[in-house]
Amino acid sequence: NLAYPVAWSLKPLAGVRFGLWGHAFNQNRRDHGRLSQAAQELKLKVARRADAFFAYTPGERDKLVAAGVRPERITVLNNAIDTVQERKAYEDLLRSDGRRNIRNRLGLPDDARVLIYVGRLRPGKRVEFLLKAFAKLHA
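Taking our numbering, I'd label the letters of the sequence shown as residues 1 to 139.
Note that these hints are calculated values from the structure, not bench results. Be a bit skeptical, because a hint or two may be false.
[Unchecked claim] Only pairs whose alpha carbons sit at most 27 Å apart, straight line, appear in this in silico DSSO-like list of lysine-lysine:
| id | residue 1 | residue 2 |
| --- | --- | --- |
| 1 | 63 | 125 |
| 2 | 125 | 136 |
| 3 | 45 | 63 |
| 4 | 88 | 63 |
[Stated by the list, open to error] With beta-carbon atoms standing in for the labels, derived distance ranges:
| id | residue 1 | residue 2 | range |
| --- | --- | --- | --- |
| 5 | 83 | 122 | 21 to 31 Å |
| 6 | 138 | 66 | 12 to 22 Å |
| 7 | 42 | 94 | 38 to 48 Å |
| 8 | 118 | 92 | 40 to 50 Å |
| 9 | 112 | 85 | 44 to 54 Å |
| 10 | 123 | 95 | 18 to 28 Å |
| 11 | 103 | 36 | 37 to 47 Å |
| 12 | 49 | 110 | 48 to 58 Å |
Yeah, the Cβ is synthetic: ideal placement off N, Cα and C, and Gly gets one too.
All chains should be modelled from the sequences, with the hints used to inform the complete structure.
This is the structure:
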């Protein structure tokens, strides 16, 4: 991913502060080739020079600090989901027949509890914590 270095190269032309937002580390655990490692080093070099870095999680912040990014330049956004907009969409769905139609298509009873997880299945996502919490709610 060359987005970071390309954006960094435009900074002198724009004459503005430079902030990054996103994953600072390669999320693909299977890709450990030389090109991937070089791209990762380039991303971190740019991250160290950025005026700000918006990280998705406290864990990513910790990794950035360990990689040499100054902590005062990092802000954790906790995935930055617009819950107001999501809540409105959910309420609109409940007001319509959409909920019943979806449950019918999936063969789910109207009163069944449904848990939906959207994301990769990897340890850092803590899906086991979500399942344990759901089990406690269901007990």
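Hints and how they fare:
| no. | hint | verdict |
| --- | --- | --- |
| 1 | 63 x 125 | holds (16 Å) |
| 2 | 125 x 136 | holds (19 Å) |
| 3 | 45 x 63 | holds (14 Å) |
| 4 | 88 x 63 | violated (35 Å) |
| 5 | 83 x 122: 21 to 31 Å | holds (24 Å) |
| 6 | 138 x 66: 12 to 22 Å | violated (38 Å) |
| 7 | 42 x 94: 38 to 48 Å | holds (47 Å) |
| 8 | 118 x 92: 40 to 50 Å | violated (19 Å) |
| 9 | 112 x 85: 44 to 54 Å | violated (26 Å) |
| 10 | 123 x 95: 18 to 28 Å | violated (38 Å) |
| 11 | 103 x 36: 37 to 47 Å | holds (43 Å) |
| 12 | 49 x 110: 48 to 58 Å | holds (55 Å) |
Figure legend: structure checked against the earlier numbered hints; hints not met, in rising order: 4, 6, 8, 9, 10.
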